[in-house]
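Asks: Listed below, chain by chain, are the residues.
Protein chains: 2
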Amino acid sequence: MTTKPHSDLHYMALAIQLAKQGLYTTSPNPRVGCVLVKNDEIIGQGFHIKAGEGHAEVNAIADANERGNLTKNATAYVTLEPCSHFGRTPPCAQGLIDAQVSRVVSAMTDPNPEVAGNGFAMLRAAGIEVVDNCLAGESAKLNPGFIKRMSMAGTEHKPVPYVRLKMATSLDGRTAMQSGESQWITGPEARAEVQKIRAQSCAIICGADSVLIDDPSMNVRISADCTDGSLQQIRQPLRVIIDSQHRVKSKAKIFTLTGKVMIASPVEPEHRIISEFCEVSYLQSAASQSHQVDLTTLLEQLASQGINEVLVESGAKLAAAFIQQDLVDELVMFTAPTLLGSDARPAFNLPFAKMEQQIRWSWQDVRMVGNDLKLVLTRKI
Amino acid sequence: MTTKPHSDLHYMALAIQLAKQGLYTTSPNPRVGCVLVKNDEIIGQGFHIKAGEGHAEVNAIADANERGNLTKNATAYVTLEPCSHFGRTPPCAQGLIDAQVSRVVSAMTDPNPEVAGNGFAMLRAAGIEVVDNCLAGESAKLNPGFIKRMSMAGTEHKPVPYVRLKMATSLDGRTAMQSGESQWITGPEARAEVQKIRAQSCAIICGADSVLIDDPSMNVRISADCTDGSLQQIRQPLRVIIDSQHRVKSKAKIFTLTGKVMIASPVEPEHRIISEFCEVSYLQSAASQSHQVDLTTLLEQLASQGINEVLVESGAKLAAAFIQQDLVDELVMFTAPTLLGSDARPAFNLPFAKMEQQIRWSWQDVRMVGNDLKLVLTRKI
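Heads up: the sequence lines are chains D and Z, in that order.
Just so we're aligned, residue 725 is where the first sequence starts under the numbering used here, counting upward by one.
Just so we're aligned, residue 725 is where the second sequence starts under the numbering used here, counting upward by one.
Just so you know, the hints here were simulated from the structure itself, not pulled from any lab data.
Treat the hints loosely; a few may be bogus.
Copies of one chain are not kept apart here, so a pair can be met inside one copy or by any two copies together.
25 Å max Cα-Cα, derived DMTMM-like pairs, lysine to aspartate or glutamate [to be verified]:
no.	residue 1	residue 2
1	K1104	D1067
2	K1078	D1067
3	K1078	E905
4	K920	E777
5	K728	E777
6	K1104	E913
With the hints as extra help, turn the sequences into a complete structure.
Replies: Quick look at the structure:
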């Protein structure tokens, strides 16, 4: 009995699954997976784990070698065009050439202007067959921030990260009682999901008000029950506080945890906060007309530091500012099955008077997370 | 080759599908389906279409006869206990006895105190094997209002209908701009779905404010594109206006359409509205402490008139009153992917100050309807 060989789509889907294992660790690099196949059998596989360490292709080749498999004449499935330049590691295209693969199937061209087709050209020049755009859409979802940042690099606009804005509300769109009482609107599963969104973010942005009122830790605390292998190596995302008037005090919980905290303000503080637990930095940011931090400039500054994905976790005012300035790529809303009433606090301080001012979104995902509903939407263009 | 005979569950599921064909027409009777099976073959089937016409069992027996099939020794699958009393039609239990079936499988006991086990007793007395509780939960969903009304009949409480409350909101829980501008928040598919919910309701309740401000028709206008066979015979639900101060005028659109309109108020009007298009009646209703219509009494009055299912389509104030008095069985919310802002009107005027006042619900269904999300929740006990 003969069976039909697996298709390119099949192996690329596996490569994408591998890439996902780097979801919480590769920043500022993209998540990339690679599968090496010969005679319809997987002879090696790998994914990029951490910046400065081996890329997916290199790891897959090493895996094949360790297993005693010869890579000569194999097909390599990679979720992103192999790099052609020397960065912290040698170019992966050269690695594949040296491994003598005969065919490379890629999900998408690297949007990084330093690569952008050069990897493919290098492979073709070595006589390797190259196929591109295999599951490009699925691969793009792995790296929304990296792709956005790199794609903007070649345009008139300064690059900015991919911005997610998270909000947890009641059925009637409220986030807290007027008094501020809000614990807990959503359940433990939704809160655990937020931890995962934080873990895949390079930076979390909050406002001074949130720090002063809620005193959040804004760090990643994945508990044992939602840990899988890849979560062992979690980075703590950069915690950015937008604090134009330097109101946040050093006793805030956010300064008592390991990692990095950045305070953004248009003005220099009188006294800089120093913490024995975390690295505190100050970002002199451009001022908006209202003497607040100019959000676009802040995002540009973060992108220039290699920040791909940002999570905004803020109150109604700052969230509204991000939305009104059209800086939010993705809205993540958790809806709890409860009514908090019309005196409770709104999710977004958006003072619209006419329907034509409404801001419309496109559904991306709707699913239950525990007893709450998780809605993911992107800005409707 | 021999095949395994179909199970009781299989035929009951078919009977439930049949019963659903009466969704828009049986009121005030329950929706009931019946399948007659002999030697693992369906020999007849039927469902109740309209009060005063044949019950499901009678229709199924007639179908078998028409097809030239003998019902002797058949098994009858019925979604509700066969009735034992003479109503507008002879008892169905007797019909099954006369048809000489040997076995009756029922989904659930009839909650009607006039039946409640008597149908089964009558069948057993005739030597027929009776099996109950086959897909009881699924069958109960066919008739939430009938079951609630009948189940309460034997208690200290006066029966009230099953109350659905429908609300269409933005992602931030708003129903209209402050000015009242609201057309359209949800899309045509969601609005067509509301038509179907209206069509299965015995009565629609709205407030005088809605009539004065929005001038709705509150009738069923199923358009050709969402019509199936059963929709040909749609009843127009009773349109109930809660108008304590008799503010609604005869020129309102609601009086220009066929069907019945009932105006509920604790006081007699100075002048009664008369319409050449519809039947207008007045319901003298008990007054609440605030001289408004007492909602519980109103619902009791409607139940006593055979109203099983009520749909509340109202503004934030009346909706909140129904919710605060714990009169809503089912919340149906359509969520449009848009933000209307914090100055827009809230869905429910619920002036809560503390989290402990929140009103929690249980998810029943979440699905996309066109480009909007339809959420169905029931009151959390």
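Asks: Look at each hint and say if it fits the structure.
Replies: Here's how the hints hold up against the structure:
1. In this assembly of identical chains, K1104 and D1067 lie within 25 Å of each other by CA distance solely across copies; the values are 22 Å between and 30 Å within a copy.
2. In this assembly of identical chains, the alpha carbons of K1078 and D1067 lie at most 25 Å apart whether taken from the same copy (22 Å) or from different copies (10 Å).
3. For the homomeric pair K1078 and E905, the shortest alpha-carbon distance between copies (7 Å) is at most 25 Å, but the shortest distance inside one copy (31 Å) is not.
4. In the homo-oligomer, the alpha carbons of K920 and E777 lie at most 25 Å apart inside one protomer (23 Å), although the nearest pairing across protomers, at 59 Å, exceeds that limit.
5. For a Cα distance limit of 25 Å, the shortest separation of K728 from E777 qualifies neither inside one copy, at 37 Å, nor across copies, at 60 Å.
6. In the homo-oligomer, the alpha carbons of K1104 and E913 lie at most 25 Å apart only across protomers (19 Å), although the nearest pairing inside one protomer, at 28 Å, exceeds that limit.
Of the numbered hints listed earlier, the single one contradicted by the structure is hint 5.
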